[in-house]
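Protein chains: 2
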Amino acid sequence: MNKVNVAIVGATGAVGTKILEKLIERNFPVQSIKLLASKRSAGTEIAAGGFNYIVEETVPESFEGIDIAFFSAGGSISEKFAPEAVKRGAVVIDNTSAFRMVEDIPLVVPEVNAQALSNHAGIIANPNCSTIQMVAALQPVKEKFGLSRIIVSTYQAVSGAGAEAIDELGSQSQQFEGRVANEAEILPSASAAKHYPIAFNAIPQIDVFDASGYTLEELKMMNETKKIFGDYEMSVTATCVRLPVVTGHSESVYIEVDQEGVTVEDIRASMEGAPGVVVQDNPAQQLYPMPLFAEGKDEVFVGRIRKDPNHAGGFHMWIVSDNLLKGAALNSVQIAEQLIRQ
Amino acid sequence: MNKVNVAIVGATGAVGTKILEKLIERNFPVQSIKLLASKRSAGTEIAAGGFNYIVEETVPESFEGIDIAFFSAGGSISEKFAPEAVKRGAVVIDNTSAFRMVEDIPLVVPEVNAQALSNHAGIIANPNCSTIQMVAALQPVKEKFGLSRIIVSTYQAVSGAGAEAIDELGSQSQQFEGRVANEAEILPSASAAKHYPIAFNAIPQIDVFDASGYTLEELKMMNETKKIFGDYEMSVTATCVRLPVVTGHSESVYIEVDQEGVTVEDIRASMEGAPGVVVQDNPAQQLYPMPLFAEGKDEVFVGRIRKDPNHAGGFHMWIVSDNLLKGAALNSVQIAEQLIRQ
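Taken in sequence, the protein lines are chains A and B. Residues 1 to 342 (this note's numbering) make up the first sequence, in order. Residues 1 to 342 (this note's numbering) make up the second sequence, in order.
One chain only, chain A, in its complex shape:
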């Protein structure tokens, strides 16, 4: 491929607009860009990089002549149209959960498993936002010291639930005194039977529950991490919580490394200079990552690295990243860049 013809499905959504921004910002070698969405959004004008794009309705024929199609419009849209795009010769980079756990479909974070791209059949899956930032940060630790166990508790932003969830947090936040009476229509998810206020609250439900008592968001982190690392013996377990934060997921991550005698300095050194990872870890200077300051940034930030005093090989860390960028749009564009390089 030289210059490529790109389509973005879900171009009016929170992630779709960021994909367009990242393509422009990173000088992605574009021949043409086609913005696709639902019939309802067709005709919408989107200004970006000095051009005015007009959004078109997604139909099977939309993918004629497309080289790379980014999908970020929900799992059912991907299931319906991704095969149509592949049939017409496009490579699909899918940001939904539709194909992530399909055995032959690569699930890729370029810093971790770019090699998985060498063998695909037209569809490449972009992992869940909370998974991406965790595996990107832990990859150098795993490579250097071995990693047998992860126990993670997340602190997730509402933008992961879309633009309506951001609006809901914004309006609820105005009501500070009568906060318990805040009305809720979107979170934990628009399709849920019950809705709870997110302002001044923490909701321990992201996505729906499975019979095991875990939510699908938690199971995504547990299963996707193993697939990306290519290690199904690793123990991974998660608790996912939604917070009144606009953008930026934070994670309290507990790990056990295989190698003996590893120190905090060893862990920190392994991460410093790792691609896409920035260590912000100086307690004396109150330096640690926070979601408010990760918003709009490409990197995965890591701090609060500590040793478990009671358990050899046990370490804590605090991992923060913009869930719409490295957690979604940026990682998708990086997958496309990697495809072009190969």
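Hints in this document: simulated from the structure, not taken from any laboratory. Mixed in with the good hints, there may be bad ones.
Because identical chains cannot be distinguished in the list, a pair is counted as satisfied if it fits within a single copy or across any two copies.
The calculated lysine-lysine pairs, modelled on DSSO-like cross-linking and capped at a C-alpha distance of 27 angstroms, are [said to hold, decoys possible]:
id : residue 1 : residue 2
1  : Lys297    : Lys194
2  : Lys34     : Lys80
3  : Lys194    : Lys307
Please build the complex by placing chain B on the supplied structure of chain A, with the hints as guidance.
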């Protein structure tokens, strides 16, 4: 003791006012109540239970004739005046961290270790808020199945940092669009060198850092838990995070039990009916505890109980309680009630 003469030191503070409320609400057998605070607050009138109380400055002589003195005005005030109160025959119930880890001073959550009250020398310590709710919830699990390990990540409310922190969250929350520019003066703590906005953010620092990289809040949870359970072999490690929540601490708690073959139903059954604990755990009904709805309630709420699929004996749960009530004022009053019963 029949009816008792009570003093509340720090009576104008967030916890002090709740202690007065709880004494009245629970028909505590009071002969007299004396409200004490700093010189600055002396003269303040506080209306409660149909009476008007006038706050007095705390001096050593304030404790003449006092039977029980509740302290909640900061560690340095407790260090200065608690010995004066004891010297004058009062029993001190101290809500600061001043005496918690002193070997001969009982550190008490009545549901867990009321027996520790039988042997005191005038001072009884009330544990840290985040510790109390965790040990209250885990006590029935420990008793029934044995407990060897706790890994906890907290989601803590600003009211734990006092009334000024609540005001700061309130005013910052009005600025939704320009949120990164929010000015901060109080959190993570008034005495810290740097302050960060808490609205739409998560701050992974509560209290100051120790050389180990842990904060004192984290070390309190780790050390106090072992002392209250009377088990110094137990592995306990913590990450403490401040959230834009007004009141109600939440905790993502991972445990390992000793006994083999324990099920989620076993864990749940052990907690149902435990004193002060309410199980809210029905994923199908989206029933789980949340801080917004725990505010103003006495109980410790537990939900999201799940088994770690990769690790025998490993379980998750989500524990929520009002940090000013069971986490502070209520537990102090319960200690006093227990003292009177003995």
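Outcome of the hint check:
no.: 1; hint: Lys297 to Lys194; in the structure: between (34 angstroms within a copy, 22 angstroms between copies)
no.: 2; hint: Lys34 to Lys80; in the structure: within (18 angstroms within a copy, 72 angstroms between copies)
no.: 3; hint: Lys194 to Lys307; in the structure: between (40 angstroms within a copy, 25 angstroms between copies)
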